[in-house]
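**Q** Once you've looked at the hints, dock chains B and C against the given chain A.
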Amino acid sequence: MEGTNGQGKKFKVIGTRPIRHDGVDKVTGRARYGADYAFPGMLHGKVLRSPHPHAIIKSINFEKALKLPGVKAIVTSADLPEAESKIEQAGEMAINPHYLSMNILARGKVLYDGHAIAAVAATSPHIAEEALKLIEVQYEILPPAMTVDVAMKPGAPILLSDLRNKEEGDKQTNVAQHYQFKRGDLEAGFKSADFIIEREFNTAMVHQGYIEPHNAVGMYNNDGQATIYCSTQGPFDVRSLSAQVLGMPVGKIKVVPAEIGGGFGGKTTIYLEPLSVLLSKKTGHPVKLTMSRSEVLRASGPTSGSKIKVKMGATKDGKLVAAQIWMAYEAGAFPGSPVGAGAMCIIAPYAIEHFVIDAYDVVVNRPKTAAYRAPGATNAAMASETVVDELAEKCGLDPLDFRIKNAVKEGLAQIVGPPFKAIGFIETCEAIKNSPHYKSKLTGPYRGRGVASGFWFNAGMQSSATVNIHTDGTASVVTGSPDIGGSRASMAMITAEVLGLSVSDVRPVVTDTDSIGHTDVTGGSRVTFATGTAVYEAAQDAIRQLKERAAKVLEKKTEEVEFVDGSFRAIGNGVPPLSLKQLASKLARTGGPITGRASVNARGVGPGFATTCVDVEVDPDTGKVQILRATIAQDAGKAIHPSYVEGQMQGGTAQGIGWGLNEEYFYDDKGILRNIGLLDYRMPTCLDLPMIETAIVEVPNPGHPLGVRGVGEVSIVPPPAALANAIYRAIGVRMDTLPMSPPRILKAILKNRASTQSAAAD
Amino acid sequence: MHAINYEAPSTIDQAVGLLKAHGEKARPFCGGTDLIIQMRAGVRTPDYVVDLKNIKEMRNISFDAKTGLRLGAAASCIEIHESEVMRRNYPGLTEAAHLIGSLQIQNRASVGGNLCNGSPAADSTPALIAIGARARLVGPNGEREVPVEQFVLSPGRTVIQPGELLVELLAAAPAPHTSDAYLRLIPRNEMDIAIVGVGSSVTLDGDKVTAARIGLGAVAATPLLGAKAAESLIGKKLDDAALDTAARLASEQAAPIDDMRGTVEYRKHITGVLTRRTLLIAAERARKK
Amino acid sequence: MSKKTLVEATINGETVEFLCEPRQSMLECLRDVLELTGAKEGCLTGDCGACSINVNGRVVCSCLMFGPEAQGKTITTVEGLAEGNRLHTLQQKFLEHASLQCGICTPGFLMAAKGLLDRNPNPTEPEIRYALAGNLCRCTGYDKIVRAVQDAAQTLRSSNEGKAAAR
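Residue numbers (the working numbering), protein chains in the order written: chain A, 1 to 762; chain B, 1 to 289; chain C, 1 to 167.
No lab work stands behind these hints, which were simulated from the structure alone.
Here are some chain B residues pointing at chain C (derived, C-beta under 8 Å):
no. : residue
1   : Ile-4
2   : Asp-51
3   : Gly-101
For lysine-lysine, the following PhoX-like pairs were computed, each having C-alpha atoms within a straight-line distance of at most 25 Å:
no. : chain 1 : residue 1 : chain 2 : residue 2
4   : A       : Lys-166   : A       : Lys-86
5   : A       : Lys-409   : A       : Lys-316
6   : A       : Lys-282   : A       : Lys-254
7   : A       : Lys-747   : A       : Lys-624
8   : C       : Lys-4     : B       : Lys-53
9   : B       : Lys-20    : C       : Lys-3
10  : B       : Lys-56    : C       : Lys-73
11  : C       : Lys-4     : A       : Lys-67
12  : B       : Lys-268   : A       : Lys-751
13  : C       : Lys-3     : A       : Lys-133
14  : C       : Lys-3     : B       : Lys-53
15  : A       : Lys-166   : A       : Lys-309
16  : A       : Lys-171   : A       : Lys-153
17  : C       : Lys-4     : A       : Lys-133
18  : A       : Lys-133   : B       : Lys-25
19  : A       : Lys-252   : A       : Lys-282
20  : C       : Lys-3     : A       : Lys-64
21  : B       : Lys-268   : A       : Lys-747
22  : A       : Lys-670   : A       : Lys-153
23  : A       : Lys-441   : A       : Lys-394
24  : C       : Lys-3     : A       : Lys-67
Built from N, CA and C at the ideal position, the CB exists for glycine as well.
Pulled out of the complex, with its shape left as it was, chain A reads as follows:
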């Protein structure tokens, strides 16, 4: 796939599909992920976790545990300073260090089944585990509030005694925030509608499901400097958040990002990192901590379950005129669900004149939620995209045509913020309409086809990059963006394109927090966009400096030299051009090494849209759903490496399918999490999915030098709603609960059968 750069020139590297530079290490097992690190004298740590969802900690006694041979240290929240209460940005979510510290080690109270209470360092992980059994904790058990319904009721158990919201004044509450977004005149809007649909939805809490559990190896040196090796999406966030929790200066912590085995937002915060440093400080040894899968599920951050009420109105010719939405999301034990983002996404694809959206962030006795790929948007789309489907049906329009008719486009307003620049929403709908999938006929009983669309803002934020020119004319490009999905290759490709090199002559490096300027998380669909911008500008900076050198060598003025097709030449005259390779060998004699650098706080973010189509077949006797075919169309702006763009589209689709059909957190009536393993937390296997067809749409983002739009997230947003719409056409019932597991679908089928039969009998 080729394309053109801003000047209409054809790309040589961008748009091709080279093999990723870190690929060989990853297929041979050489690549080092966080849990693969080992150091001389290293100890192993394990964490003691609460067996109760809500309780006061009356006492912790670890004398017996300390006496177990092999145990070297035990820490609790008493070993951490009290952290300030304020709001900080970490990745796509806001974090309060006061609450973060309480999540790392419980202070006074435990707030969910799995809440960390103490950490042990010992000579083997088995001994550390045995030590946990010897720690005695006295609890005063309190009733839990497990759902938004329970937590919002008057008289509900209160989780955080100091939590207040603006509206309730000094009253203790579990509602941390109420957001509201309004436009126009809601009453007038509904009055003008010919069809009004009003529905209520419940979605279950789900987990990002990365295959690699959390890990950290911490080393605290006698000189007060600490180093953390960990698998993280954001080494700089690990540094600043750990510094706050530990009460250490940021400059005394170095974070080395290991390769990372998946994150999807869940590894943009900290859990084990400060514990590893704390235990290392106490023992004088490096300490490694890893979570088991059950700890990941119980105690890292899933995303919110939610209750969403949607009322939407349309005129009979298919124009959406009004929307009223009430949404409450589970924040987990501490405030900070993505309900605000969900509220800004829920009707974002459509130009609706009148709306009121009320969004509530509610604490419940579940683990503190963390970001999960387009946080908040998937829950929202399940609600809005099924109501849109229902309205389209009422108006007698094809669901894609209905969307195109109401679509936002350039110049129209967002829910919050300036009007859209060039966007590709309509193009994704058209790509689906024209796809071989949509054009094919779907026949047979209990089969149905559904479509849905999704929106995500994408992020800009800060990134830094350096480009080093080597003496042989090759280059390295250094960034601080952990490579979760092949981004090293894209950084090398952008550098190669600017420098006129082949991609194999550029070595991409991901480095630690001492060795590159501040860089925000790998997440928010921002690496190719923002770090790519920094890389682009760093490479351009290198070219600028190289031009000055070339001028010296060619004995011309700098402004008389141009860089074309990988060589420097005097403009307009017959001096032989100087290749980058030739110039590189002369750098030492002409002034020294050349390093291009750039730091950006990237503006010009282009939001992402996706439209997804699925065909399903439902077994009417068991309620089981098979996916016959799936296609996703997504606007990438400019696909730097099309294979990895496709990969993001396919991966998000698979997660959305799991979210839609089988994934859910199952707490019992005592507030204990029952499905703490991958047997009963059911993610799609290879056998559950078909090939996932992709259509990359490219409406260049005017805010980026190469037209790039972030692609990592929006693909997860449409699938649950697309599945619900397909299931409706297969069984005649609209589902309003996620996941749409076989028992729920069977119940809907039988209920529908009973009511149709009794209606027929009348």
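**A** Frame of chain A, contents of chains B and C only:
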């Protein structure tokens, strides 16, 4: 995990000797695909783990038209799947073994271990019940046989006494026009524990059923013999009415619980559905023989 | 303190001796004792396949195997797939098809795919998906993994046919 000792006997006598010597403190295993998970969770805490995989006789699969099947308790699921003799004579049991988890699990796990684990949701147990299998136990005081439907006493507990070892599973050779089938309902397409598992075996004379056995899994505290459902078919044609009756009786016998894998109502409904489906498949196979 | 056992096995073609506590799984032995960190821990319950290795010709989850069970066995891990600097066809195809994003599941998939192709050189798509159902990937949606295995199977078949024809 707590500290343990690993033993790998090479004969049945050695194994029985170890089990007798250590009693409740020893636990035999083949695949370890249940035991290791339970030990990590602290559910079972043996001091001795006794690896049975080196005992050659316990891995044998042999069939004789007169004396029937001798299925070594330590034969792995994949060995069962690859056995010509198993596929031809007991396709339902073979299917069940091929459903116990991924290929990685099947390459280690055994039907014997699956039975001894005593889970009501074990996949191979309903299929063993359907073919009328008997468990042969060898202990310090001699040998005994137990019909599989009596083997599991409650979740995780079986009739095995201290010092006893399940050595093989025995079943009669199938009569002419006899075959079996196993189906289970899981939410995904692989890797799940059965929400409901049903094994059926039928013998046909023309188009009439002369013998039938039904095993029901995951719908009670132990795997069940669906006796009433099976009896209702004897002497009848396997038509819709007969299937409906058998399905209803199986469903009524099921006494499942509500848990994170399924509700009572769902499991009872599915019991009926799978009873019907397995009977049809078994009959289709029986006709062809 | 738990007493250690001496285990001797053939690992990636080499005879190896190592000490382990019986409670250490084969996965722990590989990673913590033998420094072969290619096999990964994902779930410890046999549900994700990230720890897959080949023991005596069968693909198994090393997290559900006691270290002492390795005694006398022939074991291959992902570190043993390539021949020196020459990648195995499966590894090469995974790279060409962009079948990995974060790469944590890749060693397990390679072992499972090799196990499949060793027994079934011409698998259908459903057979491939069944054989890989014990390996979870959260990044790719499996599409590019299945395509890589199909491509590898075809390449291996034609190179084997070439070898056979050349005799």
